[in-house]
Amino acid sequence: MDLLIDVLIDSVKDTGQLVPFLFLTYLAMEALEHGTAGQAERVIAEADKGGPILGALLGALPQCGFSAMAATLYAGRVVTAGTLVAVLLSTSDEMVPVFLAHQEPLGRLLLVIGFKVAIGMVVGLLVDVILRALHRAGDGHPHIRELCERAHCHCGDVDELDAASHLEYKEAAGEHAHHHDHTHGHGRWWHIVRSALVHTVEVTVSIFVISMAFGLLIEYVGSDALARFMGIHPVRATFLAGLIGLIPNCGASVAITELYLNGALASGPMIAGLLVSGGVGLLVLFRTNADQQQNVEIAAFVYAVGVIAGLIVSALGIIF
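The sequence shown finishes on residue 320 if you use my numbering, and the numbering steps up by one all the way, no holes.
Keep in mind that the hints were calculated from the coordinates and are not lab data.
A few of these clues could be false.
[Said to hold, decoys possible] Estimated spans, in silico, between C-beta atoms of each pair: (1) His135 with Ile312: 27 to 33 Å; (2) Asn262 with Val122: 47 to 53 Å; (3) Trp190 with Pro105: 50 to 56 Å; (4) Lys49 with Gly263: 40 to 46 Å; (5) His102 with Val122: 26 to 32 Å; (6) Leu8 with Lys49: 40 to 46 Å; (7) Ala300 with Val122: 17 to 23 Å; (8) Leu8 with Ile312: 38 to 44 Å; (9) Val122 with Phe320: 17 to 23 Å; (10) Arg194 with His233: 52 to 58 Å.
None of these values were measured; they are calculated from a predicted model.
Glycine included, every Cβ here is placed at the ideal spot set by N, Cα and C.
Please model the complete structure; the sequences and the hints are all you need to start from.
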């Protein structure tokens, strides 16, 4: 019972920390869709090529909110696949506080973060270049409306409200017209906020349920058992660390970092696990992006990059 309560508290805490990020992301996307969409689309299109660089830097911040934001933005095609991959690979998740709690040298921590950011930037940029060359980069325009249609959040009401407000403004005159426009402006923003809330609640519930399930699994198995299961073989440990990193829970990065700092994992397997460990980013991606085959491909690609990077680190004898 105590174990269940502890996992419940941790799941509520981890999920609660994501809510502001999810809500602000959806709020911005709704405003983008129903506000100055034309101008915003041009800005986004111009920033696409540098998206992976910015994404990798943001992903390095010590929390898992940006991976959830990136997955949501990608589902609406606001950011590119390369940007999403860059964020997932660079996301530091709970690695930073664990390093600090162990009072590890700051230089060692920065070296690991820098390596992850560099991998995220390079791989993200390559992904976008290759997809553009293969003409698989999409049409370059956001598709936020599709998210609304799948969630049945009646986002279309905002457009209808805007149209009605514009018509009334043209038909009316003077102060009366300004009164109608002001009133419908408030109504428009309420619909945007309501749509963002609907998306946020749906995704939050999914994150909580799955985080709870995986949290129980990690607590039940335990770090010691994971260390014995991995053994000391670097190749096997690299593949297994990558699989642990795929667990859509902040506890995955905690387990990998603890195993590394306690000497149970070498640098290669540690890098593999932490590169793949993108917090709940993949979970949000599967929840929000309709193309499940695409989601599987992205998850498999991130796993492959993590494992290959880990094997290279081990082969070169790099020690962090």
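Is the hinted range of 17 to 23 Å satisfied by the C-beta distance from Ala300 to Val122?
Holds - the Cβ-Cβ distance for Ala300 and Val122, about 19 Å, lies within 17 to 23 Å.
Can you let me know if the beta-carbon spacing of His102 and Val122 is within 26 to 32 Å?
holds, 29 Å
Status of the given 40 to 46 Å range, CB of Lys49 versus CB of Leu8:
holds, 44 Å
Range agreement (Cβ of Ile312 with Cβ of His135, hint 27 to 33 Å)
holds, 31 Å
38 to 44 Å was suggested as the range; check whether the CB atoms of Leu8 and Ile312 agree with it.
holds, 40 Å
Has the hinted range 50 to 56 Å been met by the Cβ atoms of Trp190 and Pro105?
Given range 50 to 56 Å: holds, Cβ gap about 51 Å.
Between Val122 and Phe320, does the beta-carbon spacing fit 17 to 23 Å?
holds, 18 Å
Should the hint that Arg194 and His233 are 52 to 58 Å apart at their CB atoms be regarded as holding?
The hinted range 52 to 58 Å holds for Arg194 and His233, with Cβ atoms some 54 Å apart.
Does the Cβ distance between Asn262 and Val122 fall inside 47 to 53 Å?
violated, 30 Å
Lys49 versus Gly263 beta-carbon gap, inside 40 to 46 Å or not:
Cβ of Lys49 to Cβ of Gly263: about 42 Å, so the range 40 to 46 Å holds.
This entry does not satisfy hint 2, going by the numbered hints stated previously; all others are met.
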